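Student: What follows is the residue order along each chain.
Number of protein chains: 2
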Amino acid sequence: MSRNIGILRLSHRHFRDQRITTHVALIARAFGCTTFTYTGEMDKEMEKSINDIIDRWGGTFEVQHLTSYRSYIKNFKGKIIHFSMYGEDHRKTIADVKKISEDEDLLLIVGGAKVPPEIYELSHFNTAIGFQPHSEIGAIAIFLSDFLGTDILYQSFSGSKISLENNTKANRSIIRQQEIKDDA
Amino acid sequence: MSRNIGILRLSHRHFRDQRITTHVALIARAFGCTTFTYTGEMDKEMEKSINDIIDRWGGTFEVQHLTSYRSYIKNFKGKIIHFSMYGEDHRKTIADVKKISEDEDLLLIVGGAKVPPEIYELSHFNTAIGFQPHSEIGAIAIFLSDFLGTDILYQSFSGSKISLENNTKANRSIIRQQEIKDDA
Chain X
10 MSRNIGILRL
20 SHRHFRDQRI
30 TTHVALIARA
40 FGCTTFTYTG
50 EMDKEMEKSI
60 NDIIDRWGGT
70 FEVQHLTSYR
80 SYIKNFKGKI
90 IHFSMYGEDH
100 RKTIADVKKI
110 SEDEDLLLIV
120 GGAKVPPEIY
130 ELSHFNTAIG
140 FQPHSEIGAI
150 AIFLSDFLGT
160 DILYQSFSGS
170 KISLENNTKA
180 NRSIIRQQEI
190 KDDA
Chain Y
10 MSRNIGILRL
20 SHRHFRDQRI
30 TTHVALIARA
40 FGCTTFTYTG
50 EMDKEMEKSI
60 NDIIDRWGGT
70 FEVQHLTSYR
80 SYIKNFKGKI
90 IHFSMYGEDH
100 RKTIADVKKI
110 SEDEDLLLIV
120 GGAKVPPEIY
130 ELSHFNTAIG
140 FQPHSEIGAI
150 AIFLSDFLGT
160 DILYQSFSGS
170 KISLENNTKA
180 NRSIIRQQEI
190 KDDA
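Read top to bottom, the protein sequences are chains X and Y. For the numbering used here, count along the first sequence from 1 and bump the result up by 9. For the numbering used here, count along the second sequence from 1 and bump the result up by 9.
These are computed hints drawn from the structure, not numbers from a lab. Given the structure is predicted, the values throughout are model-derived calculations rather than measurements. There's no promise every hint is true.
No distinction is drawn between identical chains; accordingly, a pair holds when it is met within one copy or between any pair of copies.
[Said to hold, decoys possible] With a Cα cut of at most 25 Å, we get these calculated BS3-like pairs of lysine-lysine:
id, residue 1, residue 2
1, Lys170, Lys86
2, Lys190, Lys83
3, Lys108, Lys88
4, Lys86, Lys57
5, Lys107, Lys123
6, Lys178, Lys108
7, Lys178, Lys57
From just these sequences and the hints, can you work out the full model?
Tutor: Set out below in structure tokens:
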């Protein structure tokens, strides 16, 4: 795709959110997003776990801690989509985003514990992925899957040391067994 | 839907997996799944956080710890789908599952740290949600979204104390502000 899609994860807490935030980053990466920024506590351990995946599985995915979201959002050139179950039906957002230029970048914002009301104002879209409480990981996954389709999930990234694409099911099983052995 | 869809989460670890496992359960619940079972460490705190959501947001969703997956899987009447990036394209699985009776129950298995090879054998489908490492939450979300569609995410559950369905965007925003106040 010609547009870049970035993620902004708000109010990360090292202890409580480490794995959740990592999963947000990994699902975004799998869909070809290129930038992952987060506010809250800087977390080098989390950054390392994401970078370890990039090292083995390839691709370009930049992870960056921000001291404040405000200037980042205000300087962002493109459309900002904030996920909240109090927002509008995501299918309406997707239909609207498909009307804008395909070159325009997108920033997807997922909240932490308490999202400042300002985020609702600064975003072009406040988008629900359903009207039930569930998961910011699920929200990003469903939005990107509905927006981009899932072909991209089956591709390999440039520079990967491991690739499952173009392998038969039997071959993928052999790779899996090798991975388990390497890990042991 | 006439079929029940259940989740089995393997090898839960209280300390490390609590929020991930909770998100797996909540995304499954949002899609109308009715049963959530898990092996590994029993975690009453996690169960409580899921049950608190059910209490406020309604619906029928049974959470149960299993001491062993083996007898549960062997006694399960229906089709078993295990998620693994070493599996087959999920769109093939979905096409195959759509061919079987709509009354046949489904059990979706997501792994913990190391999935016993036996799980691959005991499952009818080993299903990848892409060939990249990402998230069991993302996997469940994308599978159920592609399989069931996303209409269901916008419905309210029976017995809910809060409902965002049939509210305007402005009303949902008022409910949000009320929730923040109640939480403070």
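Student: Against this structure, judge whether each hint is valid.
Tutor: Verification of the supplied hints:
1. Lys170 x Lys86: neither (34 Å within a copy, 40 Å between copies)
2. Lys190 x Lys83: Cα proximity of Lys190 and Lys83: none, with 48 Å in one copy and 27 Å across.
3. Lys108 x Lys88: Within. Shortest intra-copy distance 12 Å satisfies the 25 Å Cα cut-off; inter-copy 41 Å does not.
4. Lys86 x Lys57: neither (28 Å within a copy, 43 Å between copies)
5. Lys107 x Lys123: Intra 30 Å, inter 40 Å, cutoff 25 Å: neither.
6. Lys178 x Lys108: between (39 Å within a copy, 21 Å between copies)
7. Lys178 x Lys57: This pair counts as neither: shortest intra-copy Cα distance 30 Å, inter-copy 39 Å.
Against the hints set out earlier in the document, violations occur for numbers 1, 2, 4, 5, 7.
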